[in-house]
Amino acid sequence: MARSVARVGIVANPAAGRDIRRLVAQASVFPIAEKRNMITRALSALGAVGVNEVLIMPDGAGLTHRIVRALRAPLPEGQVWPEVRFVDIEPGDTAADTLDAVRLMVDDGVGAIIVLGGDGTNRLVARAAGEVPLVSLSTGTNNVFPSVREATIAGLVAGLVASGKVTRAEACFRNKVLRLSVNGVPRDLALVDLCSSPELFIGSRALWRADGLDQLFVSFAEADAIGLSSIAGLVRPISRRAPFGLWLDLCPLERASRVIRAPIAPGIIVDVGVETVTTLTPGAQVPLRLKRGVVALDGEREVEFAPTDQVLVSLAEDGPFSVDIERTMIVAAQHGLFVRTGGSEISAASGAA
Amino acid sequence: MSDSIKALTMPKWGLSMKEGKVASWLLQEGASVSPGNEILEVETEKIASAVEAADGGILRKIVAQEGETLPVGALLAVIADASVGAGAIDAFVEEFQKNFVPPAEGEEDAGPKTQVIEVKGRAIRYLKQGDGGTPLVLIHGFGGDLNNWLFNQESLAGKRTVIAFDLPGHGQSSKQVGNASLGEFAQVLHDVMDALSVPKAHLAGHSMGGGIALEFALAHPGRVASLTLIAPAGLGAEINGGYIDGFIESTGRRDIKPHLEQLFADAELVSRQMINDILGYKRLDGVDAALRAIRDKVFPGGKQAVVLRDRIGTLAMPIQVIWGEDDAIVPSKHAQGLPPKVKVNVLKGFGHMPQMEAAAEVNKLIEAQLG
Amino acid sequence: MARKINYQQAINEALNQEMTRDPTVVIMGEDVAGGMGTDGEQEAWGGVLGVTKGLYKKFGDRVMDTPITESAFIGAAVGAATAGLRPVAELMFIDFMGVCLDQIFNQAAKFRYMFGGKAETPVVIRTMYGAGFRAAAQHSQCLYPVFTHIPGLKVVMPATPYDAKGLLIQAIRDNDPVIFCEHKVLYTLEGDVPEEPYAIPFGEASVVREGKDVTIVTLGRMVHMATQAADNLAKAGIKCEVIDLRTTSPMDTDTILESVENTGRLVVVDEAHPRCNIATDVSALVAEQAFDSLKAPIKMVTAPHVPVPFSDTLEDLYIPNAAKIEAAVKAVMGKKG
Amino acid sequence: MQLSKADLLKAYRMMKTIREFEERLHVEFATGEIPGFVHLYAGEEASAAGFCMHLDGRDRIASTHRGHGHSIAKGCDVHAMMAEIYGKKAGLCGGKGGSMHIADLDKGMLGANGIVGGGPPLICGAGLAAKMLKTGGVAIAFVGDGGFNQGTTAESLNLASVWRLPCLFVVENNGYAESTSSKWAVSCDDFTDRASAYNMPGISVDGHDFFAVYEAAGEAIKRARSGGGPSLIEVKINRYYGHFEGDAQTYRGPDEVKKLRETKDCLMLFRKRVEGATLVDAADMNKVDTEVLALIDDSVKKAKAAPKPTAADLLTDVYVSY
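Protein chains in written order, with the numbering used here: chain A, 1 to 353; chain B, 354 to 724; chain C, 725 to 1061; chain D, 1062 to 1383.
Take these hints with a grain of salt, some might be off.
Covered stretches of chain A (chain D as the covering partner; in silico rule of three or more C-beta atoms under 8 Å from a C-beta of chain D) [to be verified]:
#1 60–67
#2 202–214
Which residues of chain B face chain C? A few of them, derived with a C-beta cut under 7 Å, are [unchecked claim]:
#3 374
#4 605
#5 609
#6 625
#7 638
List of simulated lysine-lysine pairs, DSBU-like, C-alpha gap at most 35 Å [claimed, not checked]:
#8 B:701 - C:842
#9 B:553 - B:414
#10 B:371 - B:414
#11 B:512 - B:656
#12 C:842 - D:1365
#13 A:291 - D:1333
#14 D:1319 - C:842
#15 B:473 - C:781
#16 C:936 - B:451
#17 C:782 - B:466
#18 B:635 - C:1059
#19 D:1362 - A:291
#20 B:374 - C:781
#21 C:963 - B:635
#22 B:371 - C:842
#23 C:777 - B:696
#24 B:374 - C:777
#25 D:1195 - C:842
#26 D:1348 - D:1362
#27 C:936 - B:512
#28 B:473 - C:777
#29 D:1325 - C:842
#30 C:728 - B:701
#31 B:473 - B:414
#32 B:553 - B:610
#33 C:963 - B:371
#34 B:374 - C:842
#35 C:842 - D:1362
#36 C:781 - B:414
#37 B:371 - C:782
#38 C:1059 - B:481
The set of hints was computed from the structure by calculation and includes no laboratory data.
All values derive from a computational prediction rather than experimental measurement.
We put the CB at the ideal spot given by N, CA and C, even for glycine.
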């Protein structure tokens, strides 16, 4: 059996979970120490399934420092960790760090990327990940795209996919994505929702007020979601795998054709006026109604636009790949990858296939 | 023990006096004494004064020596008739000393106690001594209190009820002075007499208290048996405005002392304790405002606002005026030129506080008028 | 009306009357109400020794329990004083100054000067001091000389119930930061106190006994030791003038100097440790300004230069007492003890 | 978030005034004419402005040794501040305080503070006063990453939470406590982690972005004014100069500051944003630049020419009365 190197990338956003929603809503706080703990648990799992090398995005906020300290400490009894390497970027503690780090990981041939963060972090990773599948772990309760899963399990599935013990075809699915272009130039994307508002500035990014919201686009809409996509999810639920999205024109309550009471942020349940609901088919280019304002991508204000700008929104089916954690572990079980027979090592623990 | 042997003991001047020092003997053993004669000088923390004889007889034996400090009630001397034998005197002394128990530290005073009565929303403190007869009511002056009468009240209470009280804004009475006029205080006197069921009284007023007594007598002549006006206000426009202002403005011992010294002919009488007591009073909340209000109403611009001397002749009750000739606060010349029915007593060598400096003399004059 | 109440009641009455008079007066400190957050009694303590008892019931949230965080709440009292309140903060024991001193001496004391005379910080810090409770080295000290050293602070040391009430009222009305030091042994001492509110100005010593032979300058609990000594010495014909400083900052130097000029002899009695205490300060003053009046060397009676011991025999030896004062007086009189 | 043109120009003027004040001090200090210690705020302007734009006469702030920015933002007179730093009698504190103790209580500025961590307890008190006197005011403690480790800060966070005070604790994390990295000296890596321990919200904002600070500050202040209690806000920020003037800063990377000025400068970012959004013309801001430079120039000229305090001033202002 030919042996090659199994690599996995880890991107953890140190800033996730400390935005203004802690002040204006009751959003959960996610301490950096717990992110560090999640990474070390994932390392244990990655080592257990034979991953040789793990590439981690460095940061300037202290997470790197903590991981280095954890690596220097003696390993827990019986554990083997992969080699850990921090990718070669100079952290500026901005979004560019994530984009740069993911590009380097992709160049280095990682077979999967574990993402610790919220919708915003995953959005950034998605922009640069290309075909590499993501294992998305939510750090906090304010997210739709990543799920709240135990990091150990995430490490196991990332390792199984990266080492080829479970095939991509078995483990992964492709996400839809909302794309935003300004004056004909692709500008950014959203994994879940894209919303326009007449506010003038990005400010502290997070969006948590319903008043003034003008248009909402969603790639999928789950009825049990938290955040802006819940508005759509409570009007017409649409699954991640459905071949279309949704587009809602919003309006003041008195003009609304229907009023939806939606959980738009943790602890904030408000009435939102909906004027029209339209199916968003892939490829259709929808211009924004507003002339001046900001666009929020996955709940974070990202793009300011002026009357001189032409802003278009579209739905695409070529979004990032995600690892389906549950299905991957079922496949592993069906293949007996964790079954130990006699004195031999389990097959999940062997080197790359 | 013979009734004809009398003990002369350390007096209690004021409620807080615990002990006194024998300063000097004014009479020698063997001198004959009448009630009211000054026998010796005693100094206390507050003040020095003479001890008077309560009984007549011969000063047979001096027990306390000059310079000795003794508790209240301690034996100072023995007075007896010439007929009493020396052995009986010695036995009396021995018996007295054997039984004498000085008041213990912190022991509650068994003597007369001040009381407080509510009069038209104001608390008024008063001290009542003696019993019977037409009561005598004592009215202190500006900045004073009922302790101004500490050498007089007990002595005068032998034959009648004597009531001294703190005017509003003074002593331990309420500090609300209303419009702060002599008329306001005369009304308070009226209300206090009502409250204490005194339909008619002899009045003795000192300084501003004299003005109040006079004002009251003019308003309610039927309730006044006699008037004794000691260095009174109300008989002329002049007053020592510097004293009034100085008393009000002073905040500490050093600045108030020279003002207080003006009250007495003998400045030495202003003891540290007297100053402390006055400062303690002045520091009570409301006092400063009360004193200023009175000053502005009764002594505006350093003059007396109310002069009643023209009306004094209209009063039918016996009236006397007592003045220290060297009074530096209200000039004793105000005693001149009064109607003939007013008995005038100007005491040589004394200042504004003759009832303290010349207590025996003043007591005698009051006693004489009250009959 | 004056009547007898004790030192602790006098302090309580001053707080009560000032809080009634001025709604900006507030109290804060550890357990000043007590029982906060429990299912048990509200106002369970009223201060660790009950000095503030009854105030929470009367004034509600103007009497504030604090967490045991002296820096925070002493600092908060200082900050609140710059912002329109007149806080009276209780630093339970003066020994605890160690965990909040910065807020007192670097902040409160200096605001007025540092800010060019434009700040007023009317804060009062009440604190308990002194030995005699078998409370050992961290709950018994006399650290008032440390505060006295700091420009910008006023330091008040009442010895009697009368002074406690009048000086505390003055402290609350005063527009400067005041450290109000209460001797724990004096809390039960009774004395005549007027019912009415009254304020005793700072910087006015009280001559509690007049005498021509020796001046005894003292303060706090030692006033009573000195008076007792003076009583005993009077029987031996030595007349002591006992001066209670009442406040150590400002200090009534005139009264000290006047008295020493009359008596020519000085004994200073101070419960604090002997280095850089009030006794050394008063001695230096007299040596510098009234040296020619002195007929004998100055004597100081102080605690020794050791921490306050726990065992009763040791603590009794530690505290200055009447016998030590009498010996010092006799020494300056040139008599053998 | 909506800001009028007048508001935008006011914020810009505030930040620009701080910047030019500090840049000028940096130059003047080097001449040796300014006595004592001077700690410059250049680079951190968006933080002071982002908070103080929301404040009025009811509100109080406490600052740090790096206090010029907060003082200007809270309305202290620039001429008087400059004169104070030169030790002149016309100074805001009569020449008795200096750079480290600039204060103006009438303006609600409780003082720069020479003691690291000195401010938070005071702010608890200011918040308490606002709460008890029902003024609707808030109190803000600006603290550095060094001061946020002090026990006083920990105690104050607890007290403010227990008493539910209208207070904000703003940690301006510029990465260095004197010469020591906050990454080394701060146990939790991120100050917002501490907020939950004190049962208050804690958030991080980018201190280079005026709008991010402004919005977060507005929400925290609104929450405090309406009785919601205290908040902790970490402003991630950079200083352009050393801990104090004269600090050789050998602990910093060679191009660290240069890069920061090029990429993260709050004034540059502000201008780019408002010009890009066509909200304020460049000409309007250029005019502010000219006026600010003239003001600072005038303040330095007058401060240099002003007389020093005299011997008579030594003994005054210790007590209200003594």
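Looking back at the numbered hints, which does the structure fail to meet, lowest number first? 3, 5, 8, 9, 11, 14, 18, 19, 20, 22, 23, 24, 27, 29, 30, 31, 32, 34, 36, 37 and 38
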